Amino acid sequence: MTHVAIQIQPYTEELTGAVAEFNRRMRPARVPFRVPETTAPSWLPKFDGRKVHQEIFLAVEDGCVRGAYTFKQQQFSFGGRILPVGACQMPISEGIIDKRYSLIGPKIVNDALRRQPLSYGLGIGSRDAAVTRLLTAMGWRLTVIPFFFKVRHGFQFLRNIRYLRTTRFRRWLFDVVACSGLAWAGAEGADAGLPRMSSDAALSVEHAGEFSAWADELWWRCRDRYSMVAVRDSSVLNVLYPATDAKFIRLKILDGHRVAGWAILLDSVMSDDKYFGNMRVGSIVDCLALPEDANKVVGAAVRVLEKRGVDLLLSNQSHPAWGRGLKMAGFLEGPSNFLLITSQQLTRLLDEEDPSSGGIHLNRGDGDGPIHL
Amino acid sequence: MLYEEDVASEVQALLSEKLFVTVESHETDLLATGILDSLTLVQLLMHLEERFGLRVAVEDLEIEDLRSIHAIARLVAHQKRARAAVSMHGVGAD
Chain A
2 MTHVAIQIQP YTEELTGAVA EFNRRMRPAR VPFRVPETTA PSWLPKFDGR KVHQEIFLAV
62 EDGCVRGAYT FKQQQFSFGG RILPVGACQM PISEGIIDKR YSLIGPKIVN DALRRQPLSY
122 GLGIGSRDAA VTRLLTAMGW RLTVIPFFFK VRHGFQFLRN IRYLRTTRFR RWLFDVVACS
182 GLAWAGAEGA DAGLPRMSSD AALSVEHAGE FSAWADELWW RCRDRYSMVA VRDSSVLNVL
242 YPATDAKFIR LKILDGHRVA GWAILLDSVM SDDKYFGNMR VGSIVDCLAL PEDANKVVGA
302 AVRVLEKRGV DLLLSNQSHP AWGRGLKMAG FLEGPSNFLL ITSQQLTRLL DEEDPSSGGI
362 HLNRGDGDGP IHL
Chain B
5 MLYEEDVASE VQALLSEKLF VTVESHETDL LATGILDSLT LVQLLMHLEE RFGLRVAVED
65 LEIEDLRSIH AIARLVAHQK RARAAVSMHG VGAD
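Read top to bottom, the protein sequences are chains A and B. Read in order, the letters of the first sequence correspond to residues 2 to 374 in the numbering used here. Read in order, the letters of the second sequence correspond to residues 5 to 98 in the numbering used here.
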């Protein structure tokens, strides 16, 4: 019996039709994403000289596309040592709908590891997801990145938080509390009980345009203070958060004349969102500072978002200093489905560099970026 | 051939003991019937490596290599023969 080998190869122009056909076949599986029907990914396409970029690879059998994944390549600092790292994103296999292609998933993972043994996945969404279980079976290690939230407008929160409004009784209860004024009292009371944020008169906030030499200088001060942090110099930041993209709020936080840090924020009015209904959600997407300055940057970012009138503030932060900063600013830690999964080789490197994993700085600026926010 | 039959019986036992699946025939299509999916396939490969002392490279595998117990037995036998040849060659070279 003859059979055709499956090759994993870069996405080239002549395969766009086969990709469209693959997407059509996969539609019944209700996968939450499709393989782009153009060869370049819409976010971070590969250009010469770009330090951070994405490429799409396809599993091809005799001209038919049977699977795909997007691979983000970026440099990371491991305690000051700069190494290339890959992020495996949106892997999809025809094995979901046709078990004859069950080998595609492991082949995709293997291909990513061949391109970059230091690889990770971020986000994922569930420990029970097929991809999580597959990667775990292949020896990857799973870690939860903490999730923090702060309710500003209790009424809006209780009326809109679909994540919690899962039963008729809960919906009724939340509506009663929202209309009774208890929600407002609860949100204000939570703030009143906080340890005081540093309201240092020396702190000031500027809206940053393009990232420039000041961001490079900050990066050089920070790069060996974290056991794992993606390179965040000005050239990378201007690609990730271009000044031309108005949705990003780019803050530069100064402590006197010294740059204490920066933060990237989003202020998004949701519309019938499956988690947040119609709330106005403020997110601290990305940020950098020395760990001892994290609370100053968080405090400044929170004040900006609150002044804009958001109903709810969110952030995912792995590093304890950023978590502490968020808690000092009134955030609570909630259940997180934002998962980090590291290849065996990356896990080994992290164990050597940081056995407690307490120095990893990852957030929504990493992985597949600030999606769903 | 006799060796492949022995291996096939071992693979059948391994599927039952480690992955808790009963496969009646050595020719049953493990993929089309849904007995193996991507997760159980990886688990099976790890058990094969452990049981037969092999290193199975996913990148060299094709779907047909894992289609049935018979195909898996052929793969294991081929890998063992290749390994034996390498070690004999190694001894000769010394």
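Just so you know, these hints were derived from the structure itself, not from any lab. All of these numbers come straight from a predicted model, not from anything done at the bench. Accuracy of the hints is not assured; some may be wrong.
Unchecked claim - Now the in silico label distances, taken between C-beta atoms and shown as ranges:
hint, chain 1, residue 1, chain 2, residue 2, range
1, A, Gln-346, B, Glu-54, 44 to 52 angstroms
2, A, Gly-50, B, His-51, 44 to 52 angstroms
3, A, Val-270, B, Glu-54, 35 to 43 angstroms
4, B, Arg-85, A, Asn-239, 26 to 34 angstroms
5, A, Ala-244, B, Val-90, 26 to 34 angstroms
6, B, Ser-91, A, Gln-345, 40 to 48 angstroms
7, A, Gly-310, B, Glu-53, 38 to 46 angstroms
8, A, Glu-353, B, Val-90, 28 to 36 angstroms
9, A, Asp-129, B, His-51, 41 to 49 angstroms
10, B, His-51, A, Arg-25, 20 to 28 angstroms
11, A, Pro-118, B, His-82, 44 to 52 angstroms
12, A, Pro-118, B, Glu-53, 17 to 25 angstroms
13, A, Gly-140, B, Ser-29, 42 to 50 angstroms
14, A, Arg-222, B, Ala-36, 54 to 62 angstroms
All C-beta atoms, glycine included, are put in the ideal place defined by N, C-alpha and C.
Status of the hints after comparison with the structure:
no. : hint                                     : verdict
1   : A:Gln-346 / B:Glu-54: 44 to 52 angstroms : 21 angstroms, violated
2   : A:Gly-50 / B:His-51: 44 to 52 angstroms  : 46 angstroms, holds
3   : A:Val-270 / B:Glu-54: 35 to 43 angstroms : 54 angstroms, violated
4   : B:Arg-85 / A:Asn-239: 26 to 34 angstroms : 57 angstroms, violated
5   : A:Ala-244 / B:Val-90: 26 to 34 angstroms : 58 angstroms, violated
6   : B:Ser-91 / A:Gln-345: 40 to 48 angstroms : 27 angstroms, violated
7   : A:Gly-310 / B:Glu-53: 38 to 46 angstroms : 58 angstroms, violated
8   : A:Glu-353 / B:Val-90: 28 to 36 angstroms : 32 angstroms, holds
9   : A:Asp-129 / B:His-51: 41 to 49 angstroms : 22 angstroms, violated
10  : B:His-51 / A:Arg-25: 20 to 28 angstroms  : 36 angstroms, violated
11  : A:Pro-118 / B:His-82: 44 to 52 angstroms : 27 angstroms, violated
12  : A:Pro-118 / B:Glu-53: 17 to 25 angstroms : 19 angstroms, holds
13  : A:Gly-140 / B:Ser-29: 42 to 50 angstroms : 32 angstroms, violated
14  : A:Arg-222 / B:Ala-36: 54 to 62 angstroms : 58 angstroms, holds
In terms of the numbered hints stated before, the structure departs from hints 1, 3, 4, 5, 6, 7, 9, 10, 11, 13, listed from lowest to highest.
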